[in-house]
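K.L.:
Residue numbers (my numbering), protein chains in the order written: chain A, 1 to 112; chain B, 113 to 350.
Please note: incorrect hints may appear among the correct ones.
[As the list claims (entries may be wrong)] Quick list of in silico lysine to any residue cross-link-like pairs, SDA-like style, CA-CA up to 20 Å:
1) B/Lys233 x A/Ser64
2) B/Lys233 x A/Gly66
3) B/Lys230 x B/Arg248
4) B/Lys230 x A/Arg62
5) B/Lys230 x A/Glu50
6) B/Lys233 x B/Thr292
7) B/Lys233 x B/Thr307
8) B/Lys233 x A/His40
9) B/Lys230 x B/Leu247
10) B/Lys233 x B/Trp350
11) B/Lys233 x A/Ser37
Derived by calculation from the structure, the hints in this document are not laboratory data.
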Amino acid sequence: MTTPRPAETLASATEATPQPTDWPLWEVFVRSRRGLSHTHAGSLHAPDAEMALRNARDLYTRRSEGVSIWVVPSAQVTASSPDEKDAFFEPAGDKPYRHPTFYEIPDGVHHL
Amino acid sequence: MNVTATPALPLGDDALILSHRLGEWAGRAPVLEEEVALANIALDLLGQARVLLSLAGDEDELAFLREERQFRNLQLVEQPNGDFAHTIARQLYFSTYQELLFEHLAAGESELAPLAAKAVKEVAYHRDHAHQWTLRLGDGTDESHARMQHALDALWRFTGELFEPVEGLEAAPWPTLHDTWTTRITSTLEQATLTVPEGPQRGGWAAGAGRQGLHTEPFGRLLAEMQHLHRSHPGATW
């Protein structure tokens with residue numbers, strides 16, 4: 001039987017002890033009490049969705065009542081690529097028929 | 113020091129001392145998010161302590177100038193933090209108790225009703241936090257399961273005192289509160305694959321005379337640290 005060298009001991013100890021960094025990253029979206037939509041508030045680490053919600057409540061809402069929180073694993077978010085920006089977002093300003101600006105909005109319609 | 117005889121004093125002492133214990137976690141929690149959660153709970157409890165102690169006298173005098181024998185907090189809340197599981201077990205036992213007691217007080221018409229109505233929402237969150245962590249530690253790894261079970265067992269003998277009638281609140285339904293408490297704790301522990309500790313909660317074997325001013329040994333050191341500055345500079349304002 002050989003005594004493990006210090007380096008090996010260290011390696012196995014590291015494997016056996018999950019590090020806090022194993023906690024995945026979550027993106028937090030908050031809708032404030034009078035807010036109309038959820039806004040990205042920031043991100044945090046949590047072991048699962050339930051704890052992510054609770055952490056988000058502590059970190060981003062200060063427990064104001066009447067707010068709604070969404071948490072999403074960051075890995076689930078697909079982002080547009082900055083390289084494709086032009087093709088994605090260049091507004092077709094010379095094609096006015098693409099923009100629905102020719103309508104009168106009735107008074108009773110909000111948030112359009 | 114003018115101290116009014118009121119149940120606000122023992123309940124305020126519970127909140128003050130547990131708040132101090134949780135404050136000791138600052139900078140030492142397992143992860144940053146948990147650091148914030150523990151500090152949040154500590155702040156809630158300190159807020160409750162301030163209101164409650166103010167009902168009994170001057171909050172600063174009561175916190176900083178009383179001797180150990182004059183404190184009326186439960187022995188449970190003065191227990192050292194230990195490992196994370198010990199802190200969670202202590203919080204689970206206490207928050208479940210505090211939530212039930214405050215629900216009862218909020219429904220009444222005593223001077224404590226307005227504070228209890230406000231605090232019960234905070235305490236529901238504290239209990240949920242402890243519940244969530246009990247599930248994760250109990251049903252986590254072998255190591256976390258063993259630690260959580262050990263913490264629950266170690267603190268069990270302090271739980272009998274929770275249901276000794278508080279002076280001024282003798283009319284509260286203590287046996288019913290105890291039954292509901294046991295049901296809730298049992299439910300959480302079963303869900304967490306843990307075993308409800310065995311052994312008497314009261315009597316010679318069990319601990320608990322904090323309400324009479326008899327405290328465990330670590331409490332003196334807690335007070336020494338908490339009161340040091342005030343006693344070194346009596347009468348100072350800050």
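K.L.:
Are the hints correct? Go through all of them and say.
P.N.:
Hint check results:
no.: 1; hint: B/Lys233 x A/Ser64; in the structure: holds (12 Å)
no.: 2; hint: B/Lys233 x A/Gly66; in the structure: holds (14 Å)
no.: 3; hint: B/Lys230 x B/Arg248; in the structure: violated (29 Å)
no.: 4; hint: B/Lys230 x A/Arg62; in the structure: holds (15 Å)
no.: 5; hint: B/Lys230 x A/Glu50; in the structure: violated (25 Å)
no.: 6; hint: B/Lys233 x B/Thr292; in the structure: holds (18 Å)
no.: 7; hint: B/Lys233 x B/Thr307; in the structure: violated (28 Å)
no.: 8; hint: B/Lys233 x A/His40; in the structure: violated (27 Å)
no.: 9; hint: B/Lys230 x B/Leu247; in the structure: violated (27 Å)
no.: 10; hint: B/Lys233 x B/Trp350; in the structure: violated (30 Å)
no.: 11; hint: B/Lys233 x A/Ser37; in the structure: violated (26 Å)
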